[in-house]
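Protein chains in written order, with the numbering used here: chain C, 1 to 147; chain F, 148 to 427.
In case anyone wonders, no lab produced these hints; they're calculated from the structure.
Take these hints with a grain of salt, some might be off.
[As the list claims (entries may be wrong)] DSS-like mimics (lysine-lysine), calculated; alpha carbons at most 25 Å apart, straight line:
| no. | chain 1 | residue 1 | chain 2 | residue 2 |
| --- | --- | --- | --- | --- |
| 1 | F | K282 | C | K140 |
| 2 | C | K56 | F | K319 |
| 3 | F | K422 | F | K339 |
| 4 | F | K339 | C | K56 |
| 5 | F | K300 | C | K140 |
| 6 | F | K319 | C | K140 |
| 7 | F | K422 | C | K117 |
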Amino acid sequence: MSESNGFEPRIVAYVCNWCTYLGADLAGTNRLEYPPNIRIIRLPCTGRIDFNLIVKAFEMGADSVLVSGCHPGDCHYTAGNYHARRRWMLFRDLLDAMGIDLRRIHFTWISAAEGKKFQRVVTEITEQTRALGPYEDYRKVVEGGAC
Amino acid sequence: MLEELRQTCRALLADGKADVVIGYAQDDPAMPAYPVFVTRPEDADRLVWNEMCLPNLVAYLTRPEIKALGKPAVVVKGCDERALVVLAREGQVDRGEMVAIGVACDGVGKPREAKCSICDVHQPRYADVVMGQAKNEPVDAAARYAEVEEFLKKTPVERMAFWREELSRCVKCYACRQVCPLCYCTRCIADKNQPQCIDTSATLKGNFAWHLTRAFHLAGRCAGCDECTRACPVGINLRLLNLTLARSAEAQFGYRSGMDPEAKPVVGSYSLQDKEEFIR
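Could you put the whole structure together from the sequences, leaning on the hints where they help?
Encoded structure:
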């Protein structure tokens, strides 16, 4: 709780095993410092990242979600990230219509060699989320109780 | 037209071209027609066709208890036929092993259903036999999605407040799922509890998760028959969510579900040219 207002964003990152997770690993082994607000969850592929996981993260109190995987053409399973990209294109429009804040959902491609990019992205997202404040609007949904 | 429909169905059953005709029956002309499953030629006179024939009968084709009756023939309106096209494309029905009886439709419901005002499939296009004549006038996309455009003028916070109010009424009866011709999974993710993905109780949290899931599992698939909206006992505007995704699929991929039997499904295929300006 370094900030004076006491708000530390909680950010959930769903990353693919083959690129972004290794990118994060590289950032670590290179001693690149990035904010500790991020909770990394490793999945086999961005194609595996069910949209329900994003919803779940918000339900469990995340202020932002990061979804990251291999650059187009680099997918370990050939096309997982292409399928994921198309799904996100549709999913973002649905979330937007539901009134969910799109500034809190981030998508990136980070390769295993891009430790620096991982550091930069995490720093940016953390700062951006800090500026937005806690995700009160979704908290209202979670605490809405029985209908 | 009604006599022609009964005659055709009688012949289909008598000639063994179909074992069951899924059609509409009605007791009171003022009340909505209900589904009827005719297995004997002499019962074909129970069938009706009029503007109160609201249900989408395509939903029954994937039910095990209906499959058990044998080769089906189904009465479809133009909008219902779109769902049939999707089912065939997804390998859920074998078009060669069934008969689609199309009926020309000028709109259903009193007052008319919302979908009918933007309908461009009054005349079924792929049915095996078609009764009656109607004209398919093109409707432009702006008119088709006017409802969504209007809704999107609200700010995100207002939209969220709208859905909080709307979804607070949901009692999780899953009528929207049961009635949907394209919700055919034998085990729905909403019923899975190890691990449990969607809160099963009718809390606002669980309702948001469910309605997001329902809508998105139909992304690029929903044929817009609006049965979910009609079945909803608390009147949630599910149509708005379905239209949102239909608009998204049409704007980004030029794809309208159920319109072209040859078109590749929008989810499940991909293009190297898919836009990614939102990905950094």
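Here is what the structure says about each hint:
| no. | hint | in the structure |
| --- | --- | --- |
| 1 | F:K282 / C:K140 | violated, 48 Å |
| 2 | C:K56 / F:K319 | holds, 18 Å |
| 3 | F:K422 / F:K339 | violated, 34 Å |
| 4 | F:K339 / C:K56 | holds, 15 Å |
| 5 | F:K300 / C:K140 | holds, 22 Å |
| 6 | F:K319 / C:K140 | holds, 19 Å |
| 7 | F:K422 / C:K117 | holds, 21 Å |
In terms of the numbered hints stated before, the structure departs from hints 1 and 3, listed from lowest to highest.
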